Structures are given as C-alpha cells and as structure tokens.
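Visitor: Below are the chains, spelled out letter by letter.
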Amino acid sequence: MKLIHKDIDKDGRGKMVLVPDEGEDMWHTYNILMEGDRLRATTIRKVQQESATGSSTSSRVRTIITIQVEAIDFDTAACMLRVKGRNVEENQYIKMGAYHTVDLEPNRKFTIYKEEWDSIILERIENACDPAKHADLAAVVMQEGLAFVCLITSAMTVDRAKIEVNIPKKGKADDTQRKKAIVKYYDQVMAAILRHVNFDIVKAILIASPGFVKDQFFEYMMKNAVQADNKLLIDNKSKFVLVHSSSGFKHSLREVLEDQNVAAKLADTKAAGETRALQQFMQMMGNDPDRAYYGIRHVEQANETQAIETLLVSDSLFRSKNLDERRRYVRLVDSVKENGGDVKIFSSLHISGEHLDQMTGVAAILRFPMPEIEEEDHALDSDED
Amino acid sequence: MSRHRDIRNLDYDEEYDEACDEDVYGHSVDDGDYGVSPGMEQYLYSRSRENTHGFGLYLPVEDNIKEEEESFENSALESPGIERSRHDSSSYQKPSLSSEDEVRLESVLDEMRNILGDQFSERELIQTVLKNNFELDASINELLNKNSTSDSAQPLPQRERRVRNRVAANAASAFVEQLSLCNSQQQSQQAASNHLSTKASSSIQTPMPVVVTTSAKKGETSRVVRGFDVLDAEESAAAENNLVAEEEEAKRSRSCTPVRGGKDKDREKDKETSSYTRTPAKIRDKEVNVLAEYNEQRASGKELLNLVVVGHVDAGKSTLMGHLLYLKGNVGQRVMHKYEQESKKIGKQSFMYAWVLDDTDEERSRGVTVDVAQRMFESDTKIVTLLDAPGHRDFIPNMITGAARADVAIVVIDATTGAFEAGFESGGQTREHAILIRSLGVSQIVVAVNKLDTVEWNQDRFVEVKSGLRQFLKTVGFKDADVVYIPCSGLTGENLVKPCSDEKLCSWYSGSTLIQAIDGLKVPERGVSRPVRMCISDVYKGQGSNMCVGGRLDTGYVQNGDRLLLLPQGNVLNVKGVQADNAAPSTAFAGDHVTLTLGGVDPSVLHIGDFLCDPTKPIPLVNRCQARIVVFNIAVPLIRGTQVDFHYLSVTEPAKIRKLVSQLHKTTGQIVKNKPRALVKNSAALIELEFTRPLCLELFRDFKELGRFMLRTGGSTIAAGLVTQLLD
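Read top to bottom, the protein sequences are chains F and V. Quick note: the first sequence, position 149, residue 137 per my numbering, numbers continuous. Quick note: the second sequence, position 284, residue 1053 per my numbering, numbers continuous.
Accuracy of the hints is not assured; some may be wrong.
[What the hints assert, rightly or not] Distance condition first, Cα-Cα at most 27 Å in a straight line; then the derived BS3-like pairs of lysine-lysine:
(1) V:Lys1428 to F:Lys158
(2) V:Lys1450 to F:Lys168
(3) V:Lys1114 to F:Lys167
(4) V:Lys1425 to F:Lys332
(5) F:Lys(-6) to F:Lys34
(6) V:Lys1450 to F:Lys158
(7) F:Lys160 to V:Lys1114
(8) F:Lys167 to V:Lys1113
(9) V:Lys1428 to F:Lys238
(10) V:Lys1428 to F:Lys309
(11) V:Lys1450 to F:Lys238
(12) F:Lys219 to F:Lys(-6)
(13) F:Lys309 to F:Lys3
(14) V:Lys1107 to F:Lys168
(15) F:Lys158 to V:Lys1113
(16) F:Lys160 to V:Lys1071
(17) F:Lys160 to V:Lys1310
(18) F:Lys158 to V:Lys1425
[Stated by the list, open to error] FRET-style restraints, in silico, Cβ to Cβ:
(19) V:Arg1462 to F:Lys167: 50 to 60 Å
(20) V:Lys1107 to F:Gln248: 22 to 32 Å
(21) V:Arg1462 to F:Asp61: 37 to 47 Å
(22) F:Met210 to V:Gln1118: 24 to 34 Å
(23) V:Glu1194 to F:Asn275: 18 to 28 Å
(24) F:Met210 to V:Glu1065: 31 to 41 Å
(25) F:Gln248 to V:Glu1194: 17 to 27 Å
(26) V:Ser1373 to F:Glu363: 49 to 59 Å
(27) F:Lys167 to V:Lys1055: 41 to 51 Å
(28) V:Gln1328 to F:Ile222: 51 to 61 Å
(29) V:Asn1402 to F:Gly24: 49 to 59 Å
(30) V:Lys1248 to F:Asn275: 30 to 40 Å
(31) V:Lys1310 to F:Asp330: 50 to 60 Å
(32) V:Glu1233 to F:Lys167: 17 to 27 Å
Quick caveat, the hints were computed from the structure, so don't treat them as lab data. It should be emphasised that the depicted structure is a prediction, and the values quoted were computed from it without experimental measurement. Just so it is clear, CB atoms sit at the ideal spot from N, CA and C, and this is done for glycine as well.
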C-alpha cells in the first residue's frame, strides 16, 4: 500500500489517498473502511443514453465516483473488496443518490473521507505502508488422506486448497488399492502446491504432518520433479521446511508456527508474533490464572487499575458496525498504550486471530494478579442466577 | 420426652463439635485469608485443594451415568445413602490411638486419599486401615474390592440418586451448619432443627422453616430454577412407596445431567425421528427375531472378544502378537520363513514377527506400526479379534480408533532396564494408553511384561514392574481383580501359548500363559437387539461396482439384503454381502468386526467415520453437543473457544469448546461453579462442543457402545468425555 496524501485536521476529520498494491492491501482497506465513510475511486459504470429519436444505447464508461459507503464485502479467497453505496457527488454519468458498487482494483488510487480517523486505523495504515513488514509463506498441513494448502502473509492466512482422499486401511492381502490411493493423494497435494504457490514471492514452504507423511510426500514430490524435469520444484528445493504437527487440520498451523525452528525463520512476521503472544497468554492462564483475563468486561476492569501488561485484541472488533462499541475498544487500546502496556492487534484471518475471536476477541496479560475480578464476577453471576 | 432428646442431642453435639474443629484445622492453611465456615467450604473452589486429588477420582464419575436397565433398587439404597453423607465424614470420631500409631495412620490415610480421592468416607478409610494394621496396599485392596462386590450385588450409585441425594445433603448440611453455629446458645431450638433434619432427609417436601444459609441457598435456588426440585420431590415420594416401576418411568423422562434438558432431548428425538419417517425404506421386509437368531447362531459356539494391544512405542506389541498368531497357526510356516529371510536382508531380523501385522512398506522399513492391524484367532473358549495399535505418540489418533472398537486390552510393557521407566514417565505411552483405554470403556486388561528374557527372567524385575504398575492402574480406575500380569517374551515366544519351558522362569512362575489369560477375560454384553449402528472405519472398492466398508457393528444385527441408511449423507444403501471373520457369512451381530458389501453406491459418498444405521431409527445428526468431560493433566487450561480434535470411534473432526457450562465435582458430579472462566488440569466439567460439520452422535445414556469420546490438541490428550445431550 502506498500513502499518497493525508489531510486530517485536529479533531480527526479528514481524507487520505491510498494506492493498494496487492491482495493483502484489500484486507487492510476492508479493515479501514467503515459504513458511513465516503469513498472516492475510479470505476466502470454502464450508462444508458437515449438519443433524440428515442433509441437507447448503453455503453460502459470509466469514471470517478464518490459514494457514501453502505456495505462492504471482502472475499478472502480472491482478495477482492466490493463497496456499495450511494453517489454523493454529481457527475456527468451518475445522478446524485444513485446506487453504485465499486470494485477496488490494485494499483489504482482511492480516497477515503472519514469523520473520525482513530489511532487504530492510523497505525494500521502505517503498518500496511511499511514494505519491510512483508514475509510471505506457504504452508501445507497434512495427515494421511487430508491436506490443506494455505498462504500466510503478514496479515492473512488464506486457504487455497483442501484435499481429501479416501485411503483404504492396511491389512488386506492386496494392497494395490491403498498404494494407488496414496499416490493419488500425493499427486493432488503436489498439483495444489504448484498451482497456488508463487515461488518468486514465498520465502519458505512449510510441510507439516504427524508421523512420516511429510517425509514420504517430500520424497515423492522430489522424485517426481526430477523425473518430470520440473525446474521450478528442483530449484526451490531449499525453500521447503519439514515440520512436525499433531494433526492435518488447519488449526494445527498454530502449532507449526510455534515450532522453534520455524519461529526462528520468521522471527519478525506478524503471524509469528501473534502466535507467541497468544501462547504466552495461555501459559499465563495455566500458571497464574489471576493474571490472565479475557472478555471485554474483565479486561476493562483490569485496565481501570492500569494492570494490563499486554493487550490482545482481534481486528474484527474494530469492524463493528456499532460506533459506540468500536469507540469502546479504541478507548481501551489507547488507554493501555498510555499506561505503557503493549497492544497486539491480531488479524482475524490468522489462525491465532481466529482462536482469539473464539474467546471473545479480547484478552489481557496483567502485570500483577487481580483475583478480585473473578470473585466479583462470580458474585454477579450468582446474583443473576 | 426429655430423655429421648437427651440421648439424641448429647451425642450429636459433641461429635459435631469435634468434626467441625477438625475440619477447620485441616484447612486452615489454605483458607486462612478469608473466613469460611466449614459448611461453605464444599461450595468454594480452591486450586490448592484440586491438586491433592488423585487420578482415579473422576473415573467413578463415568459410572454414575448408567443405562437405565440397571437402575432398579435405588429406593432401597436411598435412605442409607443420605444417612451416610450426613454422618460419616463429618461426625466420625477417631478411635484413640498412641501417638506413634496416629502418625502412621495419618501417613497411610494421606497416601490413600491420593489414590482413592474422596470416594470413601473418613470412617471407612480409618476403619480399614486399622483393620489391616496400617498396610497401605491391603487397605486399598479391601476398599476397592468392597466397592466391586457392592457393584455386582447392587447397582452402582446412580446419577439419579445423587441428584436427589444432593438436595437432601444440602438440606442436611444447612442444618448442620446451623447446628454448629448456634449450638452453644440455643440448645432447645437446635433440638427442633435436628429433629427436622432427620425429617428432611426422609422427605424433602418438608418446608424448611429456618433461615437458610448462603451455601444452601445457592444449591437450592439453582435447582428450583431448573425445575428439578419438583421432580426430586416426586421421586423421593415414589421411592418411599417403593414404586419401582414408577421411578423407572420418571427416570426415562429425565436427563442425567444436572441441567434441564431431559424433556428437550426427548422432544428432539421425536422431531428427529419424525423428520425421517418420510423415508419409506425399512431395514428389511420380513421381521427377524434377532434374539432368537442370535441364540441359535451364537449360544453354542465360542464367544467373541475384541482385544486391543497397547503399550509404549517399541514395547514389542506387534512382535508379541505376530508370534502369538504364528504359534496359533494363523500364519503359515512358509510365510514366516519368507518374512525371516526378508527382514534378515535389511538387517532387522528381530522384526520378523512384527511383519505379520505391519504389512505396509513404510511400517516395515521404519520398524514402527502406523495404523491399527486387525487379525483373528481362536483360543480354547473364544474367538478373538485382535487389534494391534501403534505405540508412537504421533499415531494415537489411530490407536484411539482401534481401542474404541475393543472390549478388553493387553498392555505390553517392556521390562528391559530403563525401558519400562521411559514408557511410564509423564510423556510415556504406557501411561497415556492406559488412561485412554480406561476412558474408552475398557475395564479388563492383561499386562504382558515383555522382553523378560533380556533380564535373564529376573523375578525381581517382574515384581518391580508389577508393583509400579499396580499403583498406577488403580489410580486410573482398573480394579486389581480385573488386571492379570503375565511374564513373557514376544521374540522367543516364551509363555505365550505353551506353559513356560525356560528354567529360569519356571523356577518362580507357574501361572497362566498369555492365551490362558485371554481366555479368562469376560465378554461384555452386546446390544444385539438394539437399532443398527455401525461406524465405518475402512472403505475400499470391492468386486465390480460394489464398495466394501469395514468396521465394528456397534449394535444391532445385519444380514444380506438389508437396507441401511448412510449418515450424514442420507443415502439408503443395499447390503449385498455381510462378512465377519468369526461367523457364518451373510449375518452379523453387534460386536462383530464385519465387512459389508454395498451395492449401487458412488465411491465418493462413503467416508471413514460415516455411520450406517437402521433407516427407521436413524442416528441423530448434530452440530453441537453437551458433554461431561474429565480434564487430564494439561499445561494450558481449557477456555471458551479452545480448538480441539474430537475423536469419536473412527471419526476425527476439529471442534471447538463453545461454552463452559459448569465445573463439576469429580466424584459426586455436583456443580462446583457455574460458567467457569477456565478448566484447569484434573477437573471435571460440563461443556458444550461445536463441530464444523454435522456429526452422528449418540448419547452415552442410550448407547454405551457409542457416546464416549476423547479430546486432543497439539499431540496430547486433554480430556475424555461422555455425550450427555444433543443440541441443535
């Protein structure tokens, strides 16, 4: 993402001009843009024109439009952002108040007008515009008969393919069926890797599985690559990293990212940082539960006494349509930062963010134990009962 | 009048005083920070207390959820139960002992509490210890055996009873509390309430006239909200009149969980069935008297036993079983010779017997079992389906699918110096497997102490292993009577089929061989006349366009030409062939491992983990379920939203914990805390699970063969559970 122009006055109103470079920037934009904002971007519109004789012709014209945003859709698989709204600026082709849906395109600039630019959004833009923070990674999580191919960028984990093949069990006199099924399974995983992984961009490809599946698959793939003289695979052989995971489900990707060897390789990526923070939280929960709280009510209580050392928040909370709720979280984040706490905003597209979302989306590690929060809560609960 | 009162009161008073004092001192260290009255204590959650509990504690909890058939004489048990809970632990006065004996008693008691938890009262413990002269082992044995005999004689304390009990116990404890609070001042009032408490225990309908203390209030109110009070009252009335039949009826309509839902569930089931009644298919056109058929076909022959072999990696499971199969003549001489030559060629001759069961290339080249192998052999009295489970920790999911199909287990122990200890440490598979098979419902095991030839058949080693294991297995919940220890060697074949021949072994061992031990195991009852349920554990192409599925027929009866409903897909499939190793072709009964040939089915429809069932009585399909779990020794506590792998028969699916409903007491199942923030290790709880796609589940209450599951995450088993309610 590139920031072209920024014009924000003292009370937070203003506009920004941005140019998205790649799919991930669409995800950032999705998190920046709120309902009620105004968006100015170039778009294509079908325009019907009626000639003097009454015959009508329709033509597609490219024009610049400013809309008041009413709905935003993000497609994770294709990384497309569609923004629907009403026209607020008269132009040659489109009347005021007419509905239009803009597909934001990479490398074309757009302008966002907001009534209030808050600290979270500004920070997000800053991060998005920092070219050093990119580290692309592909991961294949496997277990016999099941595999997921995912791409991990700094802000997203995107599923690219799920492979499911029925592999007959061992123990029959004739095991050709089993062997055939295994070969079919490996072939499908290999095809998925070749189709979805761009070897120019990714820094490493993780292959994770329990047991020997990863080794056998890697062996098979390399043997095949040599036979078929697949330069792409042979040249990038060193990019493959074999990691142990406990299962072939997508959520074991978290385990993979926690792995010491892998963590060293991606030390600075956001995904690894998030995983680490969540791990810390869980550990704290185990060792000293009075210093780990989740749920907005508990966390706010802890914040009142300035107890928060690390705050974990999922970015999905900032997409809330309810402005008050959003402000509540922004206030929380700002106040923690003010008090010298560390704030980690998780991407809800990462596995760790998904997990954080499941546990209400907000969690905190405290500086000192606060057992009273739970006690108070318990008292409240029993009152409710 | 006054004479009566005197006798009652005086005794009571003093004893209560003593008991309360003891209580307070016993816990003063933990609870020092806040003043807790002894009666409150049971409702408070304290982490430190949690740790003093042994592992075996929660296993009886499972038993508390029982099928309905076994729940007759509750009413008879009822009043003594109440009596006990009120008097025993709190009011029992220790016999006076010399100071030395006192210390010995305390240390033995501590140890026993560690192992047994609080399933026995203080009085029972002390009496047993004194009887056995401070011998720890003997006392534990006696207690456990006592437990088991009472098990067989009378049904186990049921969950139903406990719910009722709790009301009584609560009421009683409320009174007790008052007693202890006001005893010094108000003798006469006390007498009244004392009288009442006796009354309350016999009939809960008695209104409580006195101020209710907080603890009691908490318990009571929550129940009132959930509408259990009424039920319980009815229940006890019924019990009083010994209306067993009526009670039975009442129980049917009630959930076994403390949360309301019995009725919901029934309604749900009705809905479920009604939605399927559209399907015109019946399982078969002509009715078959399944029981008669079963008796005719099976009564005379050998009994069927499903046996799983577990143990630490490289303990010699496959070798032991391979050798056993060879000695029983299930593997040909020629085949064995071939294995011997081939294994010699790659320098792994010691694996030759393991190759009988490890038949894929990867397993042979790595020398590790990856997936469960299934074989069949006959002993003198039984037909045994052998399931050889992998021992490597990465393949525990496979091991679970195997163990879920088993009735009994052989635990193989490597007796080599250091190897037993390695398997037994906290990361060792001996430990984890034993816990797993117990949680999956296996109650009888044979412990094969393997590789004893490497230590020169040293008796001391055998005894050492045995005593080390005995303690542990007891804490896991295996009774001593259900565990047999056999010294043997898988590689030399010593003491497997023929009685021991090695002098060194014969010098001290004259017990049974492994095969005799297997013969001695009891076969559990099979749900032959229940609706058909079968979880598919293998799918492959048969001849022509037919598909074959393998798996254990969990309940019911299948014959050629039957129509079965495949769920979750919803197809009705024709059974073209039924093949079970142990029986005549074309029929199979519950418990058999069968291969069904299905006609007219698209191969892509069938998956491992799908269910086949009776089209008229389909298995419910749910997205969410409520379950009682016991949490194992985990590092990271379980909180809402934790993602887990859900293992259920052959099904392995990702799931997440949607809600922590309540934390339960491990032995009694009482609610300790509603909506806990987190579940720490070794706790029990009621939780709600959510799956990513609909799964076929049965309640443990309805089908004890189904309904048990394991939760795993990050390569370790975190909890075992029972399905108690289906939601959605």
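Visitor: Next step is simple, just say for each hint if it's right about the structure.
Guide: Checked hints:
1. V:Lys1428 to F:Lys158: At roughly 39 Å apart (the allowed maximum being 27 Å), Lys158 of chain F and Lys1428 of chain V break the hint.
2. V:Lys1450 to F:Lys168: Distance ~44 Å between Lys1450 of chain V and Lys168 of chain F Cα, so the pair is violated.
3. V:Lys1114 to F:Lys167: The hint holds at about 23 Å.
4. V:Lys1425 to F:Lys332: holds, 23 Å
5. F:Lys(-6) to F:Lys34: At roughly 32 Å apart (the allowed maximum being 27 Å), Lys34 of chain F and Lys(-6) of chain F break the hint.
6. V:Lys1450 to F:Lys158: violated, 37 Å
7. F:Lys160 to V:Lys1114: Answer holds: Lys160 of chain F to Lys1114 of chain V is near 24 Å, not above 27 Å.
8. F:Lys167 to V:Lys1113: holds, 25 Å
9. V:Lys1428 to F:Lys238: holds, 22 Å
10. V:Lys1428 to F:Lys309: With a Cα-Cα distance of about 25 Å, the restraint between Lys1428 of chain V and Lys309 of chain F holds, given a limit of 27 Å.
11. V:Lys1450 to F:Lys238: Holds. Lys1450 of chain V to Lys238 of chain F sits at ~25 Å (cutoff 27 Å).
12. F:Lys219 to F:Lys(-6): It is violated: about 46 Å lies between the C-alpha atoms, which goes past 27 Å.
13. F:Lys309 to F:Lys3: Since the Cα atoms of Lys309 of chain F and Lys3 of chain F sit roughly 20 Å apart, the hinted pair holds (cutoff 27 Å).
14. V:Lys1107 to F:Lys168: Holds, at roughly 25 Å.
15. F:Lys158 to V:Lys1113: holds, 23 Å
16. F:Lys160 to V:Lys1071: Distance ~25 Å between Lys160 of chain F and Lys1071 of chain V Cα, so the pair holds.
17. F:Lys160 to V:Lys1310: holds, 12 Å
18. F:Lys158 to V:Lys1425: violated, 31 Å
19. V:Arg1462 to F:Lys167: 50 to 60 Å: Given about 29 Å between the Cβ atoms, the range is violated.
20. V:Lys1107 to F:Gln248: 22 to 32 Å: violated, 44 Å
21. V:Arg1462 to F:Asp61: 37 to 47 Å: Cβ of Arg1462 of chain V to Cβ of Asp61 of chain F: about 24 Å, so the range 37 to 47 Å is violated.
22. F:Met210 to V:Gln1118: 24 to 34 Å: Holds, at about 31 Å.
23. V:Glu1194 to F:Asn275: 18 to 28 Å: holds, 22 Å
24. F:Met210 to V:Glu1065: 31 to 41 Å: Between Met210 of chain F and Glu1065 of chain V, where Cβ atoms are some 59 Å apart, the hint is violated.
25. F:Gln248 to V:Glu1194: 17 to 27 Å: Check passed, 22 Å falls within 17 to 27 Å.
26. V:Ser1373 to F:Glu363: 49 to 59 Å: This hint holds: roughly 55 Å between Cβ atoms.
27. F:Lys167 to V:Lys1055: 41 to 51 Å: Distance hint for Lys167 of chain F, Lys1055 of chain V holds at roughly 42 Å.
28. V:Gln1328 to F:Ile222: 51 to 61 Å: holds, 57 Å
29. V:Asn1402 to F:Gly24: 49 to 59 Å: holds, 52 Å
30. V:Lys1248 to F:Asn275: 30 to 40 Å: Given about 36 Å between the Cβ atoms, the range holds.
31. V:Lys1310 to F:Asp330: 50 to 60 Å: With Cβ atoms ~57 Å apart, the hint holds.
32. V:Glu1233 to F:Lys167: 17 to 27 Å: For Glu1233 of chain V and Lys167 of chain F the Cβ distance comes to about 45 Å; the hint is violated.
Checked against the numbered hints above, the structure violates hints 1, 2, 5, 6, 12, 18, 19, 20, 21, 24 and 32; every other hint is satisfied.
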